[in-house]
Amino acid sequence: MEVWALQLFNGLSLSSILLLTALGLALSFGLMNVINLAHGEFIMVGAYTTYALQQVASHYTGDPQAGVTFLIAIPASFITAAAAGYLVENTVIRFLYRRPLDTLLATWGVGLFLQQLARSIFGAPNVQVVAPAWLSSTVSITSGLLLPMKRIFIIGLVLACLGGLYWYMYRSNEGRRMRGVMQNREMASSLGVSTRRVDSFTFALGSGLAGVAGCALTLIGPIGPSLGTFYIVDAFIVVILGGLGQIPGTIMAALIIGILNTLFEFGTTAVVGKVLVFAMVILFLQWKPAGLMRARGR
Amino acid sequence: MATRIFIFNAVRTVTGPARLGELAAAWVMPALVLAILLAAPLVLSDFRVALLGKFLTFAILAMSLNLIWGYAGMLSLGHGVFFGLGGYAMAMFLKLESAQGKLTDFMFWSGLTELPIFWAPFQYAWFAIPMTFIVPAALAGGLGYLVFRSRITGVYFALITQALALIVSILFIGQQPYTGGTNGITNYTTIFGFPINSPSTQVFLYYATLAVLALTYLLCAWLIASRFGRLLVAMRDDENRVRFSGYNPAILKTIVFALSGGIAGIAGALFTPQVGIISPTMMGIVPSIEIAIWVAVGGRGVLLGAIVGAILVNGAKSGLSESFPAVWQYFLGLLFIGAVLVFPAGIMGLLRGEGWRRPEWLAVEQLRALATRFIPGVSR
Chain A
491 MEVWALQLFN
501 GLSLSSILLL
511 TALGLALSFG
521 LMNVINLAHG
531 EFIMVGAYTT
541 YALQQVASHY
551 TGDPQAGVTF
561 LIAIPASFIT
571 AAAAGYLVEN
581 TVIRFLYRRP
591 LDTLLATWGV
601 GLFLQQLARS
611 IFGAPNVQVV
621 APAWLSSTVS
631 ITSGLLLPMK
641 RIFIIGLVLA
651 CLGGLYWYMY
661 RSNEGRRMRG
671 VMQNREMASS
681 LGVSTRRVDS
691 FTFALGSGLA
701 GVAGCALTLI
711 GPIGPSLGTF
721 YIVDAFIVVI
731 LGGLGQIPGT
741 IMAALIIGIL
751 NTLFEFGTTA
761 VVGKVLVFAM
771 VILFLQWKPA
781 GLMRARGR
Chain B
238 MATRIFIFNA
248 VRTVTGPARL
258 GELAAAWVMP
268 ALVLAILLAA
278 PLVLSDFRVA
288 LLGKFLTFAI
298 LAMSLNLIWG
308 YAGMLSLGHG
318 VFFGLGGYAM
328 AMFLKLESAQ
338 GKLTDFMFWS
348 GLTELPIFWA
358 PFQYAWFAIP
368 MTFIVPAALA
378 GGLGYLVFRS
388 RITGVYFALI
398 TQALALIVSI
408 LFIGQQPYTG
418 GTNGITNYTT
428 IFGFPINSPS
438 TQVFLYYATL
448 AVLALTYLLC
458 AWLIASRFGR
468 LLVAMRDDEN
478 RVRFSGYNPA
488 ILKTIVFALS
498 GGIAGIAGAL
508 FTPQVGIISP
518 TMMGIVPSIE
528 IAIWVAVGGR
538 GVLLGAIVGA
548 ILVNGAKSGL
558 SESFPAVWQY
568 FLGLLFIGAV
578 LVFPAGIMGL
588 LRGEGWRRPE
598 WLAVEQLRAL
608 ATRFIPGVSR
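Keeping their order, the protein sequence lines are chains A and B.
Counting from 491, one number per residue, gives the positions in the first sequence under our numbering.
Counting from 238, one number per residue, gives the positions in the second sequence under our numbering.
For reference, chain B alone in the conformation it holds in the complex (with noise of 0.2 Å):
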């Protein structure tokens, strides 16, 4: 593979337009994609323009944890818990709202008597929004800082950010009168005085997820290319020669992760109001875990690839699931073994040519080698 990279960078100095052939590999298929999502309310149905509208807020929560993990090398297993704190802002706000700003249904049922004090804020749009992107930023920022400072990497990163996914979520099932505990935030009417079930202002959120989507993607385009995006790369290839060039990794890390966690955040706050609910169950370990499968996918390092993944996986499983559970779990167990031994580059890999590569263990040799050593009477 090594060689034919060589070559094809060889033929780009030379001639013209392979150039051009990259130039419309980085922004047509971005735009196919945009035009393919922009017309798409037109000919669906209302129910699946809802479910293409969620699954767009879980693209850009891709494209969050795309940012990190596979440009700056971090994999964080604990993005639901960003993405779940924005969705959770917005929905004390959509829920405000519904009680015109008194106490909610679920706090009267907890045995509340007023609206606690940090409630208040959210009834107004000006604090709530952005809100869904500071609350989450912060958290990110916070314990980042304190995790990259002690200069905890790979692995042990992971597994601390898959701790925080399970302490969160657990609290915010204990704290029922706060958090409205297992069933979360429900039962919103009006959104800035619209019906939120009504068909119009679910295109409208639609339309308005797939805008947020779109600049997300400037954001990432223009931050990977900047030379912030080269340190991100070369933390991720070596961290030690960033530290004696100067930089502080640690800043570097800090920023772009509470950055990824504010654009979680705010999917979050995309999904509250489409989907309807938010609680507990969309930040824990499993939901934080299976976004790394929709990066994974579509192809990590790719911007393109986050978007693609979460739409295909997520497609995959609400028409898989539904029908055939016990199916689906064994297929994403098998996805997420497949995507990382079989196709490591994601579809964007694939569809480059790159990436696909036959594991070792379908090679002739081995299972001939596995023959012989385990059934008596296959010799070579």
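Same shape as in the complex, but just chain A (with noise of 0.2 Å):
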């Protein structure tokens, strides 16, 4: 029983890993149709901005956990993949909005740039941040039932997140904006919103969440230049299965995803489990095939 809840657990810190991942990817995809390959060397951004600010600052304070600071990297690697979003969306991606395929070459083409930099910048090794002393205990829930304090920092991290994305979507002009621009562009356009300025900071958005999942992966394990393909092709099942553009849809799919791979690898190996799951996917969207919800059509 102890074992299940806690493979049940894990499994929740496995999707909200991915929600967090694949939130800016179907952002970018309801709303400018664009599937960003790059999403994945975001996530390692913001990884080593929270790497670099440690460093930073256990240069100056001499305490190698430099607890404050993880709570000073978060939005500092929102801001600074959110930027990095920005820059590579007004650069490449606004020229490519008719051409999807085309823009998944390339985006992998900014990936590849983007994780020599990083090689070039940290070095080809794996790096490791180390988590704050607060982080590194565990709760007990019951006798048997040990939850690391971290996992359920990532959880409330990432429910933080959709709160705050769910603020900026329904309660801001901002996000009405956005909302306007995603049900009709032409219509958005022509009643004065700024489609342009929509579109780049809704990618930068996008960008900046993959920046807070690369933070909060450095508490789960080191970071590497390639640490984002790692998650990106989950991610990218999850927007397939949650369907084109939807955040409900894929809150869902990433809740499916991350439990069912945790349960299936925990059945049986971890190869087989992904195995499984991208059956099950396929077969899925021969059920449903524009996944658990459709944008509505008008």
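Hints are computed from structural coordinates only; laboratory data are not their basis.
Quick caveat: nothing in here was measured; it's all calculated off a predicted structure.
Watch out, some of these pointers could steer you wrong.
Unchecked claim - One-sided excerpt, in silico: chain A residues whose CB lies under 10 Å from chain B:
(1) Leu602
(2) Glu676
(3) Phe756
(4) Gly757
(5) Thr759
(6) Lys764
Virtual Cβ for every residue (Gly too), placed ideally from N, Cα, C.
Quick one: dock chain against chain with the hints and give me the complex.
Below, the structure written as structure tokens:
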């Protein structure tokens, strides 16, 4: 029983990382029909921002854990990754809105470039961020069920991001414009919404969320220049399963994929688990080709 | 550009010689490339011939991707898988020939005591060699049918094939006793009784690869010119219209995807004996997407483009990446971006005088607009 509860919890924790990654993809896909293969590299940018901040902080304070810096690192990762995303959108992606397949290739090129940049700056070997002491404890639910504080923190962080995103999309003027452009680009444009601005901001927002995911990943394991590639394919599967740019669908899909992955891995091996999940998604798409949720026609 | 094409068409219909020029473009350039490739072993060192032979297998692979991407508009990011499957089928044959049909070295190391049942038939060439086409074609056809039937197209298809590349490569890494794991299958001694590493065998394999390349070219050229080829292009441009005209795009796409997968498999089968190894690193996400850049650089939708692109990009890679790996990575990244933004029609497009386009961000007005936005004091 406790074993299963722990697996479920691990699945939830994997889901939350996947969700944070997939949200940015879903946003840019829903809004601009663009799939960003460099999205994984924004995770990497966020992770290295956290690492760099910690290095700087421990250099000045002499404290290798640098507990408080981690809290600063979260918004810092968001801002760095968002800035990188803004730059990429303005220099490459905005010329490719009508050519989704070409965008795949161009963004892959951006990803290669960013990976090599990280390799040139930080070196090819993986680096480790020391988790702050207040995150290294465990919480015991029952005598046999110990939940690591880190993973609880990550789930909380993702919930906070979701809340923030909800507020942005449904309560702010920027978000209202964004939803307007999502629903009908021409109409929104003719009513005076600057679709260019909305596009770049949304892309930056999605990249920023990936950056936060990267920051969270530093708690789980070592980070390297190709960190993003481990998560990105799963995130794509989440977006495909969730349905074209649908935020609620993406959330559901992330939960399903994360938990299934963990359960299958627990039941069999990591490899067989991944194969099973992939097969199930393909079969599911036979039944519902548009994914879990589909955009209502108009 | 549109006006130029219009004028060109008008001239062509009025005067005869333009047609002649077109004929020349269609057959003279391929013949030229073929002549160069035929003569290459006479002037190059053994090492270079082996290298060029490897590039030729990549050229076949690029042609298989060009068939579905350039003509039918489906970008597969998993073609490394089909290449790898063909390569593995060939490797199983070669390995069993080296082991005289008994247990191979890596199986022994992994603790197997007898040959796995699906390995046994691969000791016969009549079984193994057709399988290099059949296995990848069957996988492509099966996955393709499921995917196309649910009308999954475009980016979604690309992402699913990318996931396939990930899944199959980790599957092969995980099954150490049956696939050799991360190391793949290597250390062959002979092929049909001839020592595999001897220069004469390598030259023979080079010409065999060149023959397959030429045959593939002819097959694709015939296919493109046929009614089937027109349907492929029509599907790329407007799939619904093809559907409303009474064709079933799912079936057409499945056929061409399976064929393309099979050709990729044959390329893999030619790759294995020339390079001496096949491993999961040749079928993952990264090698699979690199195939697309060969095609894009050469010129998608032009048969010769895939060949030229594969040879040039790989030539640049082996030239640059050995001495300056970091530079190569930056260059490759920029190549992906440039091939899409700056010269979308590829080298073949540049040769025809079309395709080069100045990206908008190189325009002076754009730069000035950016400057006025971000640098205070710069005014219009």
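Verification of the hints:
Because the smallest distance between the Cβ of leucine 602/A and any Cβ of chain B comes to about 4 Å, under 10 Å, the interface hint for this residue holds. A cut of 10 Å between beta carbons decides the hint on glutamate 676/A: the least distance to chain B is about 21 Å, and the hint is violated. With a least beta-carbon distance of about 16 Å to chain B, the hint placing phenylalanine 756/A at the interface is violated under the 10 Å criterion. Because the smallest distance between the Cβ of glycine 757/A and any Cβ of chain B comes to about 15 Å, over 10 Å, the interface hint for this residue is violated.
At a threshold of 10 Å, the smallest CB-CB gap from threonine 759/A to chain B is about 7 Å, leaving the interface hint in force. Hint status for lysine 764/A relative to chain B: holds, with the closest Cβ pair at about 6 Å, below 10 Å.
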